[in-house]
Each structure stands twice: as structure tokens, then as C-alpha cells.
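Going line by line, the protein sequences match chains A and B. Residues in the first sequence are numbered consecutively from 2, following this note's numbering. Residues in the second sequence are numbered consecutively from 177, following this note's numbering.
Don't take every hint at face value.
Claimed, not checked - Which bits of chain A does chain B cover? Going by a derived footprint, with three or more residues having C-beta under 8 Å, they are: (1) 259-273; (2) 300-313; (3) 451-459; (4) 463-473; (5) 476-486.
Hints listed in this document are in silico derivations from the structure and should not be mistaken for laboratory results. Predicted model, so just to flag it, every value in this text is computed and none were measured. By construction, the Cβ of each residue, glycine as well, lies at the ideal position given by its N, Cα and C atoms.
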Amino acid sequence: MRVLHLLKHLCVGGVLVTGAVVNGIGDGDIGGGSGDDFGVTVTKAELNEASRLASQATFGLTYESIEEIAKTGRNRWFEQQLEISPTFHTPIARDLITRQDAGEWEEFDDNPFLLRNVIGRFAWWQQTMTAEDVVRQRVAYALSQFFVVSDRVGVLRNNPYSMTSFYDVLLDNAFGNFRDLLKDVTLSPAMGLYLSHANNSKAIPERNIFPDQNFAREVMQLFSIGLYELNLDGSVKLDSDGLPIPTYDNNDIQEMAKVFTGLTYAGPGNYWGRNYFHHADESVFSLPMIMYENYHEEGEKKLLNGVVVPAGQSGMQDIEAAIDNLFYHPNVGPFFCKHLIQRLVTSNPSPAYIERVARAFNGESGSPRGDMKTVLKAILFDPEAELLGNTATFGRLKEPAVRIVALARIFNYTSDSGEYYNTGYRLEYMTGQHPLSAPSVFNFYQPNYSPIGEISANQMVAPEFQITNATTVIGVTNQVGLAIFYENLAFHTWNPPFETPRINLIDYEELAADPEALVDRLDIVLTQGKLSRPTRDIVMDVLDRVDSRRERAMLAIYLILISSDYSIED
Amino acid sequence: MFSRRRFLTHSCGLGVAAATASTTALTLGLTRSVSASTADGYKALVCILLAGGNDSYNMLLPYDQDQYDEYTKIRSDLALEHDSLLPLSNQSEDGRSYALHPGFDEVRQIYEARDLAFIANVGTLLEPTDADAIRAGSARVPIGLGSHSDQIAQWQSVISYNRTSSYGWGGRMADLIDPNPASGLSMNISLSGTNLFQTGSHVSPYTIYYQGDGANTVWSFPQFWSNGINVHNVVRDLLGVDHDNMLRREYARRLQGAMDNRDTVVNTLRSSPEFETSFSDNYFSAALKQIARVIGGRHTLGQNRQTFFLQFGGWDHHEGVLDYQALMLPIVSKGLDEFRSALQELGEFGNVTTFTISDFARTLTSNGKGSDHGWGGHHMVMGGDVRGGELYGTYPELSQSSPLDIGRGVYVPTMAVEPYFAELALWFGVERGNLDEVLPAIRKFYSPSSSDAPVGFLV
């Protein structure tokens, strides 16, 4: 069986998993027994590698789904994921808004914004919990921490279509091309509002008014090339004096700002300067912004690296030229790829790892420059991302939002109505984090944050620790406790009229007849075989003192989820 | 040996010393630099970060007609109406009159009571300079001017020539003065999470919550007590596990530190007297109340020096600057007034100096909707030891041909952040001989051996 399985891997994905299989010898198979679609039994090592991929590339999968990955083969399963069409978030918002406007819920008659303000979040949770394109949803979330908009801006929260259509742009392009992604983000009305290049007018010198520089600056600093010229391996290039070389200066920002003038919101009845949206139509916040040539700066613009956009082009031609200017900048590969590696795999990728992925971004393996599928495969199937290549400095702290989604998915949170709506208020209150709700365009944490102590002493970074302080580290631990012991408190919704999903531990309660088997299973699903011996002993000791299977299951799950073993994916 | 030990003491990333090692930290603190001045009575610095870049040229602005006319010419659709302004009674040294934003009523009263001063046009600098020198390329300027991340960092690190500084001047002060954490709690307390200002090589901020009693702990989930299982204690057992992986160790240390210090925080806040002052119902006022409670209960901590950090964000008004400032500046004004009143109840107002920082001020010119990123900006200092009712520094003469204007009404600072902070650091008890350690570039702007104060706004 093992030989067959190995061959399948070799044929399908071209990526060797020999190590995993070798590692599995002697561990004994535990996947057998149940009806098995492929006639293949999988080793524990294969299950662990499958669980690893699930943990890096998705929001978390049940044991059954992990088993399916192992049986299908990681590469083939991943290829299948790449072919699933996107599950967009806007339809959920549309459904809820339509029903609210039709008067379906009298609970909100007195305060319609109680519901309206959380519809964007309801859509995020509904689809994140249920969509079949599990990799695409997870990648879109990683992208939302690179291209940042935040529902902390009231207008964006009041108008759910703004957030859902922005997220749909990320979903739509997650397996597409980075250039399209950058362009679609640029024209996204949510981004236009967030970084104020919507209604950005050309200069009116007699009134001392000049183009808004907000988006021009951040599209360079954060969304494409970063502050300094980079080598392909992500390290900073130095000039002859040993100093970093800035990628742009203040003049470049002024020139770039001229490009991003003349854009405003689209939709019926659009007009220049439209800017007050108490309750905007869907079109305003879901169609790409449109160009008003009269408000677009006409003259030539000097872009980066000597590129000059001639005077007299249309506004959209200028924007295409600027997007190209950024997209073909050599920094994009290492800059963007390092971000994705940090979000999905490890805080401190080796330079060689970054370089391998950056080369994939640059099209060196034959796919077009900026091809997202190629980049994602390069990240997730790199030897450094897999279980064997790890060192004592490898890994990343799982962010609170991902931890809570993961436990809800892994432990079968279900609702009879099929509703997975969540205001996110409890999560946010306890952990300081909610998806699409960063404090600023700089995201929840900086990519180079280095906690004082042995991490900084070793010149390492650990971005997620920036939001892990005395308040939030307790908060996330207790939020996990609520979600497990109180069965439905991973979610907070307006109930009634909506239903709160509940945890479903039937499988784990059965396993809990044998505490060893229970912990073995959790070790695969949660810690990929890396639950440390002392942690395991502490958990086992607790389980020995409890007779109820349900309580055993809950305690084991809780204790592993809050342990360092699980909190860090290493 | 000592330094290794000391390093371990603080490596928990919480600014919390483990019980076994805190004695060492204390000893080191005494041998190193606790001076006569720091052995004095209690002092605290409260740093308020108006994150995003407060448009302070609409917070403090010229009132004389000629300069006001220039102001309206330059600010165009962003100008405030003259008759809406709150004039300050005192003329500044330049003989001019200034006024405040209409939402700053309480601040004006505190200023008139001489408990608050303004510092004009402060910003990050590498050396004193002007617009001509910058245009000619002969001036060295901070890296990342106009970039939020850089300027927010530089206002806290006071290092404007690289992007690698991971310590702030409040952290460096704590390194010097030493937290002497008999209680196990850092002298640097944050209401707003991790920040650069309070991070030193041996100290990082301890975060408390802006509501409730400031801290929580891991719950024990009583449903398991009948089995003799206290979940809280099991978690403690888990945190005792040794890990090979560095990130796993760091995570365990953070959770452990938070659990260890929870009671200390709660006891401190609960031992504060109740205030007669009523605080407004918003994050800013609630956080200031929490700071006042820590100060009110500080005897349980046994620390005679503390810093507090409070971030109030949302000032990046590329759009709607007039509307948003009209909402947000009154929150600042009322909050400061409430904080002052509570500190006066405690009798601590003279021991606490509160000051503002912000990424930058904003372009004086408009982008048609709001203002963009600028450079030098105006700031406030409040406290019983403040020589209030005065405007310090040089308010630039507003003009479309100002020698300070590097374009779009972005004014080169007329005071570096170094002397602004040096004044605060000296008041706090940093010795002149240690100023270089706290503010590495201070000598570009002020001689630590000078007999004059760096700025003069503190007693």
C-alpha cells in the first residue's frame, strides 16, 4: 500500500514525500478500518503531513477531511482545490440586506444598524465556515492582511457591500495573477474610500489644492514594492556606502498621486464628489471605480525607474501604466512572497526559501510572472514548509482569529438552520483581533516585529506576538475555553432571529472511551504529531480523573488548543 | 553572567520579572543608576499618541488678523472660521496671539489655569535645517518623512536615521532607572498594547485593559471542580513544559507572565480611591481613568517611577478633516480635563506630566477633501509641574513663500523631538550624564551639560 501511495505522489504532484512515508514506517496505520474511497490506507506520517497542509493552507479541517487529503495525495488534493470556483461573500450580504429591507426581522426595526453594521461580518463567517474552496478562502484572508481595508471605518461597516465586494476581489484573484489583483484592489471602492483616492481631484492651484497622496504612498510601501530595494532572497540591497537604497522618494509620491486622480464611485446616478453614504446601493460599493477625465491630472507623470507616462493619455491608461510600473518592479516578488510565507507558514523563512518562491513569482518555472497558483505551490510545497525540515526557530504564532475559526471548523460547529453568522464582537473584545478590522492600513502587526528576549536576541521576528500582550494572551485562552466548554460561544450573533451554531463532538466522545486514542487523534488533527511528551502527559493525567467521555473530549481539546504546542505551528 | 541573568529576567516580553530573578534586577538597578533624583517621590509620564497624524495646524492656530488671513489663504477649504476660535489670553514671546480649535474648551481653561503648555512645530530632525537646504540636497533629513510607520516609530524611538531601532526612549529610561519590580510588574504600563516608546533592551510594556479591573486570568471552569480539576491550575502545569522551539517558549512565557501578574494589577486598581470626577463614556476617557486608578493604587506596586502609554487613533484625515476633528478634539479636551481633575483628587497632579505625540502634522494645503501627511506639528504638555499658559518653541510665520515650506504647506520643524523629550526625561529623573543614552542624538540640538533647560516648560 505504501509503495502505491508513494508512486501516486511522484506521478501526480512531482513533489517527493518520501521523507514522510519513511517516517511513517513503524508508526502503524491508524486510518484503516473505515470504508475507504481509494482502497488506500494511510500512515500516521501521511496524516500528519496532510494535517500540516490543512493547517497552513486552510482555516482548519476535520479529521475526515485530513484523511481525505492523505488518501488523495497532498498535491492532487491541492490541484483540485485550485480548480474550485470562488465562493463569494457578497451574495450573503445581498440576501441579508434584501430580507432586512423587506421587513423580515422586527427585532431590528428600532435600530436597523444593529444588524446592518454586522452583515459584512456575517457574510465573512458564513462563507469562511462553509465554503468548499477552503484554500481560496484562507489565501484571501492572508491577502487581506497585505491589501488592508478595515471595517473600523464606519462607512465601510455601515455598507456591507463595501467589505464583501473587496473580499470578493481577493477571492476572485487569489488563484489568478498578482497584476490583476493589484489593479482590482486599486479600483475597489472600499479601498478608494479607505485610502481616499476616490474623489481625488487633479490639482487646483488657484485654490491651493493638490492630489491626495495617501493611496500613492501606500500602494508602493505596502501593496507592491516596499521601502527599500531588495535582493531576490528578500534581503535589503546596499549601496556603495553600505546603506539601503530607497525605492522611491517624495517626488515619486507626488507623481504617483497625479496618476490616481479622477476616480469615483460607479453605479447609476454616479457623479463626481459623491461621498456621503448612509445606506448606499449595492452598485456604489461593488462596481470598480470609474474615471472622470475632467478631474484627472492631464500632464506627464514620472513614474519609478525612469518610466514616464506621456501627457494626454486617458486616466485609465495612466493607471494601467502605473500598475505595470509597480508590477514589473523587481521588488514585488520577494516583498509579496515573504508576506504570504509569513502568513501561511513561518515568521522567519530562510533567504533561500524566499528566493525559491520569488523566482516562481518571477515566472522562472515557466508560468507567467505573478501567477498566484505557482506562487502558492512554491510556498506550500517547499521542503521548508513541510514537517521534516523544521528547526527550533521555525514556525509562526497562530493569530487569534484563525485559532477561533479553526476550532469551530475542526470541531464541527454546526447549526440546524445552516447559519454561521457572527458579529465578532466577543472575539474582538477578548483577543483584540477580528478579520478585516485592523487598526490601520499597517495591518494588525508589522512584518518585522521582534519581541524582546531570546527572539530579538537571535535576530528573529514574530509578527503575531505584537498583538499578544498580557490582556490578549489571556483573552484568547478564555475565548477558546468558552468556545469548547460552553459549546456555542465561538460565535456571537443576534439570537433571535438568528441561530448560534454549536460544537459537535460526537466523534471525539466516542474516541474518549480510550484516552490514548483520543489524544492520538488530536495530535494528528491539531499538532501534526508534534505534541510534546510532557504536554501529552499532563493531558492524560487530567483525562484519567474524568469519567464522562464528553468532558474528557472537551478537556483534551481545550488543553491542547491553549498549549504552546498548538498555539505555535512549528 | 549578570547580563545573561538580567536578560532572562526580562525576556518574557511582558516586562515582568519572574519571581526568582526580580531580586537580581533590583540589585542591578541599585548598583547601576538609581540616583538621588530617582529616589525622590513618585513621578509619572503619560504619553498620548494621536495616531495617524493630527492636523495640529487646525488645533493651535494664529489669531492675529494678518497671520489668520495667511492661514485661510493657504488652508483654503480647510480653514476654520475666525469667530469660532477660542483665543488664548497670553501673547507668545513673538508678540503674536494664538487661538484654539473650537472643540478645545477644556484645554483652553487648563491652559489659562497655567497647567498646560503648547510646544510649537515639533518634529523629527537629524539636524536643524530649512526648506532651501532640503531642496538643495545639502540637508540630512529623517528617513521615511511622511510615512506613518516611520514617523510613528521615530517619535517613539527618537532615532530617525535608521529603521532598525527596536527601543523607545521610555524603554531606555526604564532600562536606566530600572523598574525595581518588587511586584513583578514593569514600570512601563500600556493601555494600548505593545509599543515602541516603552520598549527597552530589558523592559517591555505591561498591557492592562482599559475597562474593568485592568486584568483577567485564565478561568478555572467550575463545572470540573467535582472531578478535582481546576483548569486554571492545569494550564499552569502546561506552561511549565520545556519546549525546543523558541516561539513555543515565548508564547508560554507570555501567558505565564500574564497569569502571574493578574492579581497585582487588579489589587492595584482596586486599592485606588473612588473618584468624584466622572469620566466620559468613551475609550479615551476610560483609559485615562484606568491610568489614574493605577496611580491611585500605586502604593501596592512600590514603584516610584512609571510611564503610561495611551494610543488614540484615527487622525489620518485625508478626507473630512474638519468634521472629524470637530468630533475628536472635544474627546481629547474633555478626557484631559477629567484626568486632571482625578489626579487633583489624588493629590498627584504635580507628580504626573502628560504629553502628546503624533506621526506628523498635515499639509496646510488641501487635497480638496482633507489634508495629507506633513512634518512639524504642535503638541501639549499638562501637569502640575508644567509652566503652563505659555507657548514654547517657534510657531512658523505662515506664508506661501515660507522658508520652512518644503511644498504643499509642509513645514520643517522648528524644534526637534529631542529637546522636547529631554525636558520630560530630566524632569522624570534621568541624569544629564545619561541623556545621550535616552536620546542618542540629543547633542545635535542641546548640550546635556548646559545650565539652561532644553525647552523650559517644566519646573
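Tested hints:
Counting residues of the segment 259-273 of chain A whose C-beta lies closer than 8 Å to any C-beta of chain B gives 0; at least three are required, and the coverage claim is violated. For a cut-off of 8 Å, the count of residues in the segment 300-313 of chain A with a CB near a CB of chain B stands at 0, and the three-residue condition is violated. For the segment 451-459 of chain A, the stated coverage by chain B holds: 9 residues have a C-beta nearer than 8 Å to a C-beta of that chain, and at least 3 were required. Under the rule that three or more residues need a Cβ within less than 8 Å of chain B, the assignment of the segment 463-473 of chain A holds, with 9 such residues.
Only when three residues or more bring their CB closer than 8 Å to a CB of chain B does the claim for the segment 476-486 of chain A stand; here the count is 5, and the claim holds.
The structure shown violates the earlier hints numbered 1, 2.
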